[in-house]
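A.B. asks: Sequence:
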Amino acid sequence: MNRIRAWLLGCALTLLGTPALADLQLQLQASGLDPQQTQATQALLDEAMGKLPPRFKQQLDRRVRVSWSDTMPADAYGQASLVSTLELNRRLLPGLTDGSAATERTNRPHGTVREELLATVLHELTHIYDRARLWPRAENSLIARCKRQQGTLGKIGLPEECRGQAERRFTLSDDPRLLDLAGWQQYVGRRGEREQQNGQFVRSPDSYELSSPKEYIAVNMEYFLLDPSYGCRRPALNQYLREHFVWAPQQDTCAKGLPFINAGSDFARQPLGEIDPERVYEVDYLLAEANQNLVSRWGHSMLRLVICKPGRPRGPDCRLDLDQSLVLSYRAFVNDVQLSSWDGLVGVYPSRLFVLPLGQVIDEYTKTELRSLASVPLKLSRDEVENLVRQAAEMHWSYDGNYWFLSNNCAVESLKLLRSGTANPRLNDLDSIMPNGLLAVLKGRGWPTPACSTTRARHCAWATASTPIVSATRPCSRY
Numbered sequence: 000m001n002r003i004r005a006w007l008l009g010c011a012l013t014l015l016g017t018p019a020l021a022d023l024q025l026q027l028q029a030s031g032l033d034p035q036q037t038q039a040t041q042a043l044l045d046e047a048m049g050k051l052p053p054r055f056k057q058q059l060d061r062r063v064r065v066s067w068s069d070t071m072p073a074d075a076y077g078q079a080s081l082v083s084t085l086e087l088n089r090r091l092l093p094g095l096t097d098g099s100a101a102t103e104r105t106n107r108p109h110g111t112v113r114e115e116l117l118a119t120v121l122h123e124l125t126h127i128y129d130r131a132r133l134w135p136r137a138e139n140s141l142i143a144r145c146k147r148q149q150g151t152l153g154k155i156g157l158p159e160e161c162r163g164q165a166e167r168r169f170t171l172s173d174d175p176r177l178l179d180l181a182g183w184q185q186y187v188g189r190r191g192e193r194e195q196q197n198g199q200f201v202r203s204p205d206s207y208e209l210s211s212p213k214e215y216i217a218v219n220m221e222y223f224l225l226d227p228s229y230g231c232r233r234p235a236l237n238q239y240l241r242e243h244f245v246w247a248p249q250q251d252t253c254a255k256g257l258p259f260i261n262a263g264s265d266f267a268r269q270p271l272g273e274i275d276p277e278r279v280y281e282v283d284y285l286l287a288e289a290n291q292n293l294v295s296r297w298g299h300s301m302l303r304l305v306i307c308k309p310g311r312p313r314g315p316d317c318r319l320d321l322d323q324s325l326v327l328s329y330r331a332f333v334n335d336v337q338l339s340s341w342d343g344l345v346g347v348y349p350s351r352l353f354v355l356p357l358g359q360v361i362d363e364y365t366k367t368e369l370r371s372l373a374s375v376p377l378k379l380s381r382d383e384v385e386n387l388v389r390q391a392a393e394m395h396w397s398y399d400g401n402y403w404f405l406s407n408n409c410a411v412e413s414l415k416l417l418r419s420g421t422a423n424p425r426l427n428d429l430d431s432i433m434p435n436g437l438l439a440v441l442k443g444r445g446w447p448t449p450a451c452s453t454t455r456a457r458h459c460a461w462a463t464a465s466t467p468i469v470s471a472t473r474p475c476s477r478y
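Mapping of the sequence shown onto numbering that gives the first Met the number 0: residues 0 to 478, in sequence order.
It should be emphasised that the hints constitute simulated quantities derived from the structure, not laboratory data. Computed from a prediction, not measured in an experiment: that's the story for all the values here. Beta carbons: idealized from backbone N, C-alpha and C, even for Gly. A few of these clues could be false.
[Stated by the list, open to error] Distance windows between CB atoms, simulated:
#, residue 1, residue 2, range
1, Q269, L319, 20 to 26 Å
2, P349, G150, 39 to 45 Å
3, R107, I155, 27 to 33 Å
4, R64, E160, 22 to 28 Å
5, P227, L405, 40 to 46 Å
6, D399, Y186, 17 to 23 Å
7, Q28, I155, 50 to 56 Å
8, I155, R425, 14 to 20 Å
9, R381, Q41, 20 to 26 Å
10, R425, G358, 41 to 47 Å
11, D74, E277, 41 to 47 Å
12, E159, Q269, 40 to 46 Å
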């Protein structure tokens, strides 16, 4: 017995005396470097380590060997292996050593050679982190459960929370939430399959991010860690990364108002408008009902922002401020005097998000096109309303997709915006290609559906109301 106790004590002492590799370590391969080169490189690596989130370093508990390489293309800065090595372009070492890299300007987004080197280290470490499958415990359990269910039931039998989870192979870059925000949205009617073309390119800081979701997350980590204004430029992605790492870098305070190009008839008088998310009381699904025109036979989907006038507290009375309401409308941008149905079918027209005054939209449909409008309130939480408004502002400036009358029309685009803006999981597996079919889809999937009277401002009646997305206590206005 004493011998066993002595053996156990020896094992315990051995374990206590062995250093644990609890955090990420960047180990410089200094062979072939003089002291000045070693010092300059180590300072770069230390700065990169200081920029990384604590959770990033704790989870990626490995030693990454860093070296300088002579074999890279002239325009490359660095490259990481699959697991634990990172190479930098040796052509850039002299400038880093003598300090000129800190002032040498480049035509790349970060400005100077040294900042680009720092961004490269963060970028490549993000690739290693992404490939390591470092999911939080709850997410890991969800992925494992969804994989088992898909193996048993197939895609058709998967619950809504499993859409896109069973095929996960990366920590971040194939997360369905990230893909929604990044612009690789779901194809309609394909059970979670992602679009190959990304239309969110208009104001990209680095077009390289659009090459794949893996590069997208790596590029955005650069700006999340290095650009204090990132949270104002991409608020939804900033929130996503903050929640994942339970941490945030030092960031600028953002302005309350979100600018937009005024698509109203008073553009010449006021080219730019501004939305304060805190003044948005509710969001309505706004449907222009169908007529006999081929391109309007299934109606037109829009979202109405019910905005309170300045000084009015948020509440039902804000619905009286019709002059404050704005309409988010995805439309085919037709730069011609005549609309071509064929061009609409084959995706020739750009798809863009327009922001219009409600009064102009009412006149456009009820007076010019003789079509009625139905404004159905959506039951969203306060956070969902404000996040949706911010996401809409970002899409207004950055999105320039292709409008397909049958597969990427106003209904599909509006549903994408609702899904990415609210992050409501109940929208994950909804599909509809027809504007007037969205309510039917909600009903067929067990969602409450309204029976709106033709009388203006009557309340909606509902079949069920467990956790409705459409409010049962707000008027369904018709114009």
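A.B. asks: The structure should be examined with respect to each hint, and the outcome stated for every one.
C.D. replies: Now for the hints, and whether the structure bears them out:
no. : hint                      : in the structure
1   : Q269 <-> L319: 20 to 26 Å : holds, 23 Å
2   : P349 <-> G150: 39 to 45 Å : holds, 41 Å
3   : R107 <-> I155: 27 to 33 Å : violated, 46 Å
4   : R64 <-> E160: 22 to 28 Å  : violated, 39 Å
5   : P227 <-> L405: 40 to 46 Å : holds, 44 Å
6   : D399 <-> Y186: 17 to 23 Å : holds, 19 Å
7   : Q28 <-> I155: 50 to 56 Å  : holds, 51 Å
8   : I155 <-> R425: 14 to 20 Å : holds, 19 Å
9   : R381 <-> Q41: 20 to 26 Å  : violated, 48 Å
10  : R425 <-> G358: 41 to 47 Å : violated, 32 Å
11  : D74 <-> E277: 41 to 47 Å  : holds, 45 Å
12  : E159 <-> Q269: 40 to 46 Å : holds, 42 Å
The earlier numbered hints that this structure contradicts are 3, 4, 9, 10.
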